[in-house]
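Work the whole structure out from these sequences, hints included.
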Amino acid sequence: MTIDVAVVGAGPAGLAAATRCARLGLATSLFDDQAVPGGQIYRGITEAPALRVAQLGAEYARGAAQVDALRATTAAYVPDASVWSARGLPDATIELGVSTRVAGGAKTHMVRARAAILATGAQERPFPIPGWTLPGVMSVGGAQILLKTAGLVPQGRVVIAGSGPLLWLAAGQLMDAGATIDALVETVPRGRLREALAHAPAFLTSPYFRKGLDLARRVRRRTRVIEFVESLAAIGASRVEALRYTVDSKAHEIAVDHLLLHQGVVPGVELAGAAGCALHWNDLHACFEPAVDEWGGTTVASLFVAGDGAGIAGAQAAAARGALTALAVANALGRIDHRDRDREAAPLRRTLADAQRGRRFFDVLYRPADAFRIPQGDTLACRCEEVTAREVVDAARAGCAGPNQAKAWLRCGMGPCQGRYCAPTVTELIAQARGVPPAEVGTWRHRIPVKPLTLAELASIPSTAEADAAVIRE
Amino acid sequence: MTKLEFDIAIVGGGLVGAAIAYGLRALGDDLVVLDEGDRAQRAARGNFGLIWVQGKGLGLPSYGAWTQRSAREWPRLAADLRDQTGIDVALRQAGGVHLCMSAHELETRRAQLQALMAQPGFARYDVDVLDRAALAVRLPGLGDAVAGGTYCAQDGDCNPLRLLRALHAALQAARCQYRPGAAVDVIEPIGDRFLLRTRDGVVAARRLVLAAGLANARLAPQVGLAAPVRANKGQIVVLERVQPFLPLPVETLRQTDDGTVLIGDSQQDADDEALDPAVLAAMAKRALAAFPGLAGVRVQRAWAALRVMSPDGFPIYAQSRRHPGAFVATCHSGVTLAAVHAHVLAPALAASELPQGCADFTPERFDVRATA
Amino acid sequence: MFARRPDPEDGAVVSITIDGAPFAARAGDTVAAALLAAGIAAFRTTPVSAAPRGPYCLMGTCFECTVEVDGQPNRRACMTRVAPGMRIATQMGAPRVAPRPS
Numbered sequence: 000m001t002i003d004v005a006v007v008g009a010g011p012a013g014l015a016a017a018t019r020c021a022r023l024g025l026a027t028s029l030f031d032d033q034a035v036p037g038g039q040i041y042r043g044i045t046e047a048p049a050l051r052v053a054q055l056g057a058e059y060a061r062g063a064a065q066v067d068a069l070r071a072t073t074a075a076y077v078p079d080a081s082v083w084s085a086r087g088l089p090d091a092t093i094e095l096g097v098s099t100r101v102a103g104g105a106k107t108h109m110v111r112a113r114a115a116i117l118a119t120g121a122q123e124r125p126f127p128i129p130g131w132t133l134p135g136v137m138s139v140g141g142a143q144i145l146l147k148t149a150g151l152v153p154q155g156r157v158v159i160a161g162s163g164p165l166l167w168l169a170a171g172q173l174m175d176a177g178a179t180i181d182a183l184v185e186t187v188p189r190g191r192l193r194e195a196l197a198h199a200p201a202f203l204t205s206p207y208f209r210k211g212l213d214l215a216r217r218v219r220r221r222t223r224v225i226e227f228v229e230s231l232a233a234i235g236a237s238r239v240e241a242l243r244y245t246v247d248s249k250a251h252e253i254a255v256d257h258l259l260l261h262q263g264v265v266p267g268v269e270l271a272g273a274a275g276c277a278l279h280w281n282d283l284h285a286c287f288e289p290a291v292d293e294w295g296g297t298t299v300a301s302l303f304v305a306g307d308g309a310g311i312a313g314a315q316a317a318a319a320r321g322a323l324t325a326l327a328v329a330n331a332l333g334r335i336d337h338r339d340r341d342r343e344a345a346p347l348r349r350t351l352a353d354a355q356r357g358r359r360f361f362d363v364l365y366r367p368a369d370a371f372r373i374p375q376g377d378t379l380a381c382r383c384e385e386v387t388a389r390e391v392v393d394a395a396r397a398g399c400a401g402p403n404q405a406k407a408w409l410r411c412g413m414g415p416c417q418g419r420y421c422a423p424t425v426t427e428l429i430a431q432a433r434g435v436p437p438a439e440v441g442t443w444r445h446r447i448p449v450k451p452l453t454l455a456e457l458a459s460i461p462s463t464a465e466a467d468a469a470v471i472r473e
Numbered sequence: 000m001t002k003l004e005f006d007i008a009i010v011g012g013g014l015v016g017a018a019i020a021y022g023l024r025a026l027g028d029d030l031v032v033l034d035e036g037d038r039a040q041r042a043a044r045g046n047f048g049l050i051w052v053q054g055k056g057l058g059l060p061s062y063g064a065w066t067q068r069s070a071r072e073w074p075r076l077a078a079d080l081r082d083q084t085g086i087d088v089a090l091r092q093a094g095g096v097h098l099c100m101s102a103h104e105l106e107t108r109r110a111q112l113q114a115l116m117a118q119p120g121f122a123r124y125d126v127d128v129l130d131r132a133a134l135a136v137r138l139p140g141l142g143d144a145v146a147g148g149t150y151c152a153q154d155g156d157c158n159p160l161r162l163l164r165a166l167h168a169a170l171q172a173a174r175c176q177y178r179p180g181a182a183v184d185v186i187e188p189i190g191d192r193f194l195l196r197t198r199d200g201v202v203a204a205r206r207l208v209l210a211a212g213l214a215n216a217r218l219a220p221q222v223g224l225a226a227p228v229r230a231n232k233g234q235i236v237v238l239e240r241v242q243p244f245l246p247l248p249v250e251t252l253r254q255t256d257d258g259t260v261l262i263g264d265s266q267q268d269a270d271d272e273a274l275d276p277a278v279l280a281a282m283a284k285r286a287l288a289a290f291p292g293l294a295g296v297r298v299q300r301a302w303a304a305l306r307v308m309s310p311d312g313f314p315i316y317a318q319s320r321r322h323p324g325a326f327v328a329t330c331h332s333g334v335t336l337a338a339v340h341a342h343v344l345a346p347a348l349a350a351s352e353l354p355q356g357c358a359d360f361t362p363e364r365f366d367v368r369a370t371a
Numbered sequence: 000m001f002a003r004r005p006d007p008e009d010g011a012v013v014s015i016t017i018d019g020a021p022f023a024a025r026a027g028d029t030v031a032a033a034l035l036a037a038g039i040a041a042f043r044t045t046p047v048s049a050a051p052r053g054p055y056c057l058m059g060t061c062f063e064c065t066v067e068v069d070g071q072p073n074r075r076a077c078m079t080r081v082a083p084g085m086r087i088a089t090q091m092g093a094p095r096v097a098p099r100p101s
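Chains as they are written, first to last, in numbering that gives the first Met the number 0: chain A, 0 to 473; chain B, 0 to 371; chain C, 0 to 101.
Source of the hints: derived by calculation from the structure; they are not laboratory data.
Keep in mind it's a predicted model, so treat the numbers as computed, not measured.
Please note that a few of the clues may not be correct.
With a cut-off of at most 25 Å between alpha-carbon atoms, the simulated SDA-like pairs for lysine to any residue come out as follows [as the list claims (entries may be wrong)]:
#1 K210/A / L196/A
#2 K2/B / R433/A
#3 K2/B / A203/B
#4 K249/A / G376/A
#5 K106/A / A144/B
#6 K106/A / M85/C
#7 K106/A / P83/C
#8 K106/A / A133/B
#9 K106/A / A273/B
#10 K55/B / G120/B
#11 K106/A / G70/C
#12 K106/A / G295/B
#13 K106/A / G142/B
#14 K55/B / I471/A
#15 K106/A / D143/B
#16 K106/A / R300/B
#17 K106/A / G140/B
#18 K106/A / A294/B
#19 K106/A / A277/B
#20 K249/A / V66/A
#21 K106/A / D6/C
#22 K106/A / G84/C
#23 K106/A / A11/C
#24 K55/B / D467/A
#25 K106/A / V237/B
#26 K2/B / A397/A
#27 K106/A / A288/B
#28 K106/A / E67/C
#29 K2/B / D393/A
#30 K106/A / G263/B
#31 K106/A / Q71/C
#32 K2/B / G434/A
#33 K2/B / V435/A
Among chain A residues calculated to face chain C with C-beta under 10 Å, some are [what the hints assert, rightly or not]:
#34 W131
#35 R382
#36 C416
Glycine included, C-beta positions come from ideal geometry on N, C-alpha and C.
Laid out in structure tokens, this is it:
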């Protein structure tokens with residue numbers, strides 16, 4: 000049975016896309032890895048006790064409205080469903096491999112759709128500093144998830160380090176929840192603020208500026224803010240015990256029990272890449288993104304990408320892009336004509352343009368400095384396979400032209416995370432060693448499965464005559 | 000100053016090219032290996048890692064001998080690479096098993112091996128035909144669906160990615176030139192040299208070895224050779240690391256020294272590297288029938304690679320008659336044959352000839368009209 | 000160490016065991032949250048170098064939080080919800096394959 004649209008990911012983009020597709024009369028299924036909708040930014044929105052929601056802000060509550068909108072449609076919402084493969088078939092339909100968690104394990108089935116919208120969102124940008132793999136070192140996003148979904152607050156000496164609006168937002172949220180933040184250690188280089196304002200003077204008059212200023216002021220009142228940090232290192236034996244940092248080339252050390260790291264988010268491109276979508280390097284964002292047109296269309300027929308997975312632009316932009324891809328799909332499947340599509344798209348494009356314009360300032364301000372994107376020496380570039388920065392650089396100097404060759408030589412990218420936490424690092428290490436731009440170096444050749452499934456699950460997929468002929472030889 | 004003139008240029012830095020280059024490394028920077036970029040179709044990265052003897056050579060006994068010779072040369076290759084580079088390629092030669100999933104399959108296999116050994120001039124070796132009970136002693140956890148299998152003490156495996164890395168490290172240590180991003184478009188024989196127009200500039204060499212896998216088909220005729228190879232697509236499933244449980248490689252399933260489990264193999268007449276879940280599923284079913292204990296182990300990765308297949312599946316080694324000094328070398332068992340490529344083929348090429356015992360591997364056997 | 004923010008709407012207690020010791024988790028907790036609430040920072044040691052690791056992303060992408068759940072190894076703690084009677088074991092190195100299907 001072939002459905003009209005399969006949407007992958009129940010964050011703001013996926014919710015908007017699935018809701019709009021269903022409203023346009025398309026038989027729609029929304030698959031999501033988590034047990035409840037909301038993605039990461041609206042994590043736990045349907046379960047968070049009201050008290051928590053009040054603390055986390057009005058933005059967060061917006062997610063609840065999006066979920067309600069979806070639930071009011073006939074779209075099938077499938078939680079606990081990992082989409083581990085996506086591919087375009089010769090008849091321009093899309094086949095997805097979906098692993099659904101059931102009691103005691105998981106079951107896999109293949110889904111056919113006339114079109115698919117990937118809204119798998121973003122992940123924390125890797126933050127490869129010495130000691131970043133020590134227990135007690137965690138992403139800021141991770142700490143936020145613990146707060147939002149389990150009401151857990153880190154105790155003892157807590158330090159937040161890195162760059163980006165989330166740093167300040169999370170610091171405020173954690174302190175409101177009772178955590179003591181010993182310091183907020185910011186890695187934005189000197190002079191960057193001036194540069195960002197020069198790029199986006201209009202930001203000064205935007206509502207983001209006011210909100211940002213207020214937030215920063217409130218945080219500064221309640222914790223020590225250390226700025227213009229040039230290097231970070233997590234120190235400890237079996238868990239993190241201290242944070243060493245330098246400012247103006249002078250070293251300092253503070254004791255920590257929890258080190259929360261964040262330097263922005265990057266698109267999750269594994270599923271789009273494995274489906275064969277072309278990926279390109281976005282130099283301002285220092286990450287890879289799928290190549291998409293103005294409707295979210297990729298280089299694979301009938302496959303679209305919406306939301307932060309297409310390029311980091313935040314929740315508002317994600318919702319707009321989700322709705323735009325829904326219109327494109329509805330048009331492609333003959334539900335609406337060009338005129339209606341373009342008419343309904345107009346307000347969405349305005350919302351999208353506003354959201355993207357507003358982000359320009361942040362994009363420049365918070366682009367992580369080289370020292371924090373490109374590690375050195377014994378610092379681990381690949382956490383899973385424990386490959387150091389030095390090993391990657393040596394491989395590049397010995398002739399490794401890119402990450403795929405480096406992967407074959409060093410195993411970086413071959414571990415359980417499938418290169419999610421080392422992709423941009425490995426690319427930039429090789430680029431720097433070879434003296435060429437990251438765009439030229441490229442990234443992994445992503446392949447299925449992009450999420451884990453058991454051998455038994457894989458074996459349960461119906462075979463085909465062609466497949467048996469390829470494998471069974473009596 | 001970038002060196003542009005060499006004694007020998009090897010086109011292709013995969014397992015065949017790197018093993019031959021390794022055997023010629025005494026040439027130092029008079030040797031250049033020209034390789035493609037990061038995204039090239041590379042059979043070398045798609046290897047299963049078997050060093051396999053049993054069953055090979057049906058239709059060409061000298062292939063059986065060539066393979067066995069390589070298996071015997073392998074310990075020296077592994078030891079030398081470890082000494083020179085510090086890289087252990089995890090050579091294991093404790094035997095290997097070909098599984099049969101029915102009594103009929105077991106009987107067919109037995110008959111095939113018998114026919115193999117009965118060929119005139121075939122260098123025979125022992126292969127034990129074992130029923131399930133005897134096999135289960137060697138392979139704990141063997142599934143009930145397995146009818147039996149054939150065991151050969153000369154079979155083994157290694158870590159093929161580390162092998163490639165070790166070969167390249169040895170080349171680097173010997174100061175041989177390695178040029179990635181230098182795919183060869185055109186070769187012009189000019190006088191006593193060959194001009195190679197690569198994506199990274201022009202290179203000249205007195206002698207030339209084409210070890211470019213599928214690209215050999217296009218390049219060989221440019222120097223009066225023939226290498227009629229086609230792509231044969233194989234897909235592989237890789238499971239996450241588990242504690243050591245499989246002491247011997249099975250022809251379609253082995254546990255690596257890292258603890259991961261490799262599952263193969265599929266064969267399709269195709270030249271793309273797209274993965275087909277149905278093919279992966281068929282391989283998974285067969286693996287589960289052999290080792291049911293793997294049911295809950297997770298699939299970590301999968302990939303496809305293109306075997307370099309000659310019309311009869313046997314290697315092609317040849318020297319151009321029209322342009323002496325130009326050679327072609329291609330096979331689909333780059334891991335098994337790495338040792339003879341390094342220890343036997345390379346020294347012969349250094350003397351501008353082909354080794355004894357390789358006369359059967361010229362492309363004339365395909366009835367191709369050789370360029371005079 | 001993580002402490003629970005008191006909330007009148009919090010879920011019921013769910014009894015689980017962690018490395019054999021009983022622990023009172025909360026309904027709706029992920030295994031990761033439960034382990035952190037129990038004061039456990041290192042969930043496993045790596046197969047490569049036996050280095051201790053704890054959760055990093057908490058959203059199912061980093062695979063650092065893998066533990067054994069009810070005898071099944073390599074389960075992402077952050078993607079698994081606690082259930083009554085659940086047996087959680089921190090994981091040292093690579094998981095052991097069962098010789099027969101369970």
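Each hint tested on the structure:
no. : hint            : in the structure
1   : K210/A / L196/A : holds, 16 Å
2   : K2/B / R433/A   : holds, 18 Å
3   : K2/B / A203/B   : holds, 10 Å
4   : K249/A / G376/A : holds, 20 Å
5   : K106/A / A144/B : holds, 23 Å
6   : K106/A / M85/C  : holds, 20 Å
7   : K106/A / P83/C  : holds, 22 Å
8   : K106/A / A133/B : violated, 35 Å
9   : K106/A / A273/B : holds, 24 Å
10  : K55/B / G120/B  : holds, 14 Å
11  : K106/A / G70/C  : holds, 18 Å
12  : K106/A / G295/B : holds, 12 Å
13  : K106/A / G142/B : holds, 22 Å
14  : K55/B / I471/A  : holds, 19 Å
15  : K106/A / D143/B : holds, 24 Å
16  : K106/A / R300/B : holds, 18 Å
17  : K106/A / G140/B : holds, 24 Å
18  : K106/A / A294/B : holds, 12 Å
19  : K106/A / A277/B : holds, 16 Å
20  : K249/A / V66/A  : violated, 49 Å
21  : K106/A / D6/C   : violated, 36 Å
22  : K106/A / G84/C  : holds, 23 Å
23  : K106/A / A11/C  : violated, 29 Å
24  : K55/B / D467/A  : holds, 24 Å
25  : K106/A / V237/B : holds, 19 Å
26  : K2/B / A397/A   : holds, 17 Å
27  : K106/A / A288/B : holds, 19 Å
28  : K106/A / E67/C  : holds, 19 Å
29  : K2/B / D393/A   : holds, 22 Å
30  : K106/A / G263/B : holds, 23 Å
31  : K106/A / Q71/C  : holds, 15 Å
32  : K2/B / G434/A   : holds, 20 Å
33  : K2/B / V435/A   : holds, 21 Å
34  : W131            : holds, 8 Å
35  : R382            : holds, 7 Å
36  : C416            : holds, 5 Å
Of the numbered hints stated above, those contradicted by the structure are hints 8, 20, 21 and 23, listed in ascending order.
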